[in-house]
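Undergrad: Residue strings, one per chain:
Number of protein chains: 2
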Amino acid sequence: MLREDQLSLNIPAATKPRVVIVGGGFGGLNLAKKLSNKDFQVVMFDRQNYHGFWPLLYQVATAGLEPDAIAEPLRKIFGSDDYQDFHFRLVKVKGIDPTTKTVHTLIGDMHYDYLVVATGTKSNYFGNDQIKKYSFPLKQIPDALNLRSQLLQSFEQASMTKNPEIRQSLLNIVIVGGGPTGVELAGALAEMRQHVLPTDYPGLDFSQMNIYLVEGLDRVLPPMSAEASVKTKKYLEEMDIIIKLNTLVESYDGNVATLKNGDQIRTQTLIWAAGVSGALIDGMPQESVERGRILVNQYNQVQGVEDVYAIGDIALMKSEEFPKGHPGVAQPAIQQGQLLAKNLDRLVRNEPLEPFKYFDKGSLAIIGRNRAVADLPGNKTIGGFFAWAIWLFVHIAYLVGFRNKLVVVSNWLYRFFTYERGTRLIIRPFVRKGDRVKRKFFDQYDTDA
Amino acid sequence: MLREDQLSLNIPAATKPRVVIVGGGFGGLNLAKKLSNKDFQVVMFDRQNYHGFWPLLYQVATAGLEPDAIAEPLRKIFGSDDYQDFHFRLVKVKGIDPTTKTVHTLIGDMHYDYLVVATGTKSNYFGNDQIKKYSFPLKQIPDALNLRSQLLQSFEQASMTKNPEIRQSLLNIVIVGGGPTGVELAGALAEMRQHVLPTDYPGLDFSQMNIYLVEGLDRVLPPMSAEASVKTKKYLEEMDIIIKLNTLVESYDGNVATLKNGDQIRTQTLIWAAGVSGALIDGMPQESVERGRILVNQYNQVQGVEDVYAIGDIALMKSEEFPKGHPGVAQPAIQQGQLLAKNLDRLVRNEPLEPFKYFDKGSLAIIGRNRAVADLPGNKTIGGFFAWAIWLFVHIAYLVGFRNKLVVVSNWLYRFFTYERGTRLIIRPFVRKGDRVKRKFFDQYDTDA
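Chains G and X supply the protein sequences, listed in that same order.
Sequential numbering from 60 applies to the first sequence in the numbering used here.
Sequential numbering from 60 applies to the second sequence in the numbering used here.
Hints listed in this document are in silico derivations from the structure and should not be mistaken for laboratory results.
Note that the coordinates shown come from a computational prediction; the quantities given were computed from them, not determined experimentally.
Do not take every clue at face value.
Identical chains blur together in the list; that is why a pair holds if it fits in one copy or across any two.
[To be verified] DSSO-like cross-link-like pairs, simulated, lysine-lysine; straight-line CA separation at most 27 angstroms: (1) LYS401 <-> LYS377; (2) LYS464 <-> LYS416; (3) LYS160 <-> LYS221; (4) LYS416 <-> LYS181; (5) LYS303 <-> LYS153.
For reference, chain G alone in the conformation it holds in the complex (with noise of 0.2 angstroms):
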C-alpha cells in the first residue's frame, strides 16, 4: 500500500491535444471510443477500474447475476490497438482550475486543453444524515453486494428466531423509490419470494415476507408514460408487492421506517432508491451549477469556462422539448458522448459545431418473468411478453463485451427455465455505516477478524 506522495499520473507528454475525460460511465465511454481514433491525446480518469451497466446492477443485488456478467475493465475495453493514444487512470478528481486549464487529481495535477465531466451521479439523501446512514443505496457494484449480503443473511436471520416482531422485521423489505431501479429490484424481488425462497428456507412462511415500495409522486416509473405507470403498478400487484404511492419516509433509524403520514414499518431493509444527484467536481462556475448538475449549452460546452464540456446525468441541457433537461437513462449520454467525439474534432479543425438533438429510443422497465413495460418511440406503449422480450433483447444488445452477452444470456436462460438463481453467496459482511459500532454478530463471518 503506498501513499499518494509516492504515485504520480505519469502520462506521456501530449503531442496531440489531450482531452480529459473524468468518467468512464455511458457518456465517458462512448466519447473515448470515438475520439480515440481522431487526433487527439485521451486521458480517462475514473475510481473504478471498470464500465458497469447499471441497468442491470439491481440484478446483481438480487443474487441473478454476478459483477463480471454487467461490468467490462475499462483497460479491457481500450486495450486493442485502436486506442494508441489513450490513457486510463484509476484515480480521483478532486477538481479543476480553468483559469490554467489544470486538472487536480488526488495524486497531482495535469494540463488538459479540453476536459469532460462525465461523473455521472451519487445517490441523495435529500439531507437526511440518517437515512444516509442506515439505509442501503444501490448505485455501484459494491451496493449490490451488500444489499445482496443483507437480503441473505436477513433470512438467514429470520430462522434463527422465535421473535415474531424481531422476525417480521427481517421479512419486511422497504424499497423508497419507485423508478426504473425501484420497480425491477421490487419485482426481481418478488420472484425471488415466490420460486427461490421458500426451497431455501423451508422453516420460514415467506407470506409474511412484505415488499414495500415506496414512491413521493403520485404514480410509479414517473420518468414513463402514463401508460406505462398504470401497466407497471398493475403488474406489480399482481406480483403482491405493497405500493405506497404520494409517500415520503421522514426517518429510519436502521430499525424503524416512518413514513410523512405517521405509519411506521419495522424493517432491518430499507433501500435507498429515491433520487440522484450530480457528482459535481470542484472549479466549476457557480452560475452553471443548478440542482447539483452543470448547466451546458446544446454543444454540452459549460458556460462561463473555456473547453470543459460535460455530459450525461451530469450535465443539465435545457431545450423546447426538455426544459428540465434529459432523462437520467444511458442514451443521452452515449448519444453526447458521441456526438462530443464529433464536434470536439470539428472543433481542431474550425468547422462548425454540430447541436445535440435526442434520439428517444424508447424507455423499458421489466417487473418480472414476462411482465415488462416499452414506451417505444411515437408513444407507444406495450406490455407483457412481448416488452420483456424486447427488454431482454435491448439489454443485451447494449452489454458491453461479448463475453458479459454469453454470460448473461446463459444466466438468463438458465434462470427463465429453472427459476433458479445461481449466486446467492454471503461473500463478507457488508454492514451500514451506522452497524459499523456493533459488529459483534457479524464479526464471526469476517474472515479478516
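Following the hints, complete the assembly by docking chain X onto the known chain G.
TA: Frame of chain G, contents of chain X only:
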C-alpha cells in the same frame, strides 16, 4: 442488524437421533448428503452459507472465475425434498461440552446425540504476527477477492509512478509455499503476465514483473511424487517463475520480505500459502489434539469423548500407511464423510462399524495452459496436456452444481481459445489489516466514503 441475544438456533425438536455437523466443506457436505436419507435429524452449522470448491480458489484470485463458479449455496444443495429433517444455521460454533453433549454457538446452546467436527483448516503463520498482518492469505472467497483487487491495484499503481524502485516493489509478487495452491497460483499469474497484462497496461514493461515461489522444503509440491515435483519445477521455470527452495521467509513488513538467508525482496504483495493448522473448537480433550488437529481412530471417533467425531483436514487419523495422517486434500474428507454416514447408521442399528480405508484416486496440479502433472494410482506420474485434460475433467466432475459446471466450462473454453480473463474487476478496496491505518489513498475508491 441484530444482537446475538435477539437470535436463537430455533431448531425443531428431534424425533430421531440428532447429528450436529460443524462445517459444510467436503467432509461435512458428503456426510450430510448420505445421512439425510437415513433416520437422523441433521443440523449443520457453518460461518459461510456456501460450500466452496477450494481447489479452484486461485482462479478467483487471478480473475479467471467469479465466486459463483466455485461455490454453491448450502441451502440450495440441501433444498430438495430428499433432505426433510436437515437444518442449516449460519452461525459460529464456539465449542462443545461433551459431558452434557451440548454444542455452544454464538446464539445459544443445543443438545446433540452425535457431533461431527468438520471445520477444516485455517492459515498457519507459525506465530509470525507481522506476516499475518501484512500478507495475503488464500483460504476463502473473500481472501481471493482481496488478492485479486490487490494484484490489479498494484498494476494500476505501477503505471502511476516514475520511481523504478517503487514500481518494482509493485511488480514483484512473492508466493510463500510451494504446495498445490502456491504452484497453481504462480502458474496462473505467469499466464496473466504473458497473455493479459501487457495489453491491459501498455505503459508497463512486464518483463520486470517477477513471480517468486518460495518453498521451505527441497522440492515443490511436496505432497506429490518426486517425479511430479521435477516435472512441475521444469514447467514453472519454463514460465519464468523464480523458484527458491529450502528457503524460509523470516519477516515481511508490507514493503520488504526478508528471507532466512538474509536476501530481501521488495514487494507490495506477499501471498501466504505456506501452511495451515486445524480450525479447532473448544471442548476437545487435551490428549486428542496434536499439532492443531484432532486425533481420531479408524472410525473417525475422537478418543476420550463420547459420540464426537472428526473428519477431513481437521482429523488426524494415523495408520501404518499414513503415519502422519492423510493428505490435506478433498478425497480423504469426502470418503470419511461418506463412510461416517454409513457407520452412524450402523451404530444406531448396533451393527459393527467399518474402519476407514483411504482410496487414493491420485493427485493433480495444473501449472498453466497445457501444463499439468498427475500422480495416478499405481505410482504412475504423467505430465503435459494429457495431465491437464485429466485435471480439467476431474475438477469439472467434482464441482457441485450443474450450473457451476456450466459456468466453469464456458469460462475455461472461452479463456483457452481467447487467452482472455473476464473478471478483472477491482470491486472494492480490500486492504491488509496492517494497512488499515493508512487507508487514505484507497478511501478514494471506497463507495462507502
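Undergrad: A separate judgement is required for each hint: does it hold in the structure or not?
TA: Evaluated hints:
1. For the homomeric pair LYS401 and LYS377, the shortest alpha-carbon distance inside one copy (21 angstroms) is at most 27 angstroms, but the shortest distance between copies (74 angstroms) is not.
2. In the homo-oligomer, the alpha carbons of LYS464 and LYS416 never lie at most 27 angstroms apart, since the shortest distance is 29 angstroms inside one protomer and 48 angstroms across protomers.
3. Taking the shortest alpha-carbon separations for LYS160 and LYS221, only the inter-copy value of 23 angstroms comes in at or below 27 angstroms, while the best intra-copy value is 63 angstroms.
4. In this assembly of identical chains, the alpha carbons of LYS416 and LYS181 lie at most 27 angstroms apart only when taken from the same copy (26 angstroms versus 60 angstroms across copies).
5. In this homomeric assembly, LYS303 and LYS153 never come within 27 angstroms of each other (Cα to Cα): the closest approach is 39 angstroms inside a single copy and 44 angstroms across copies.
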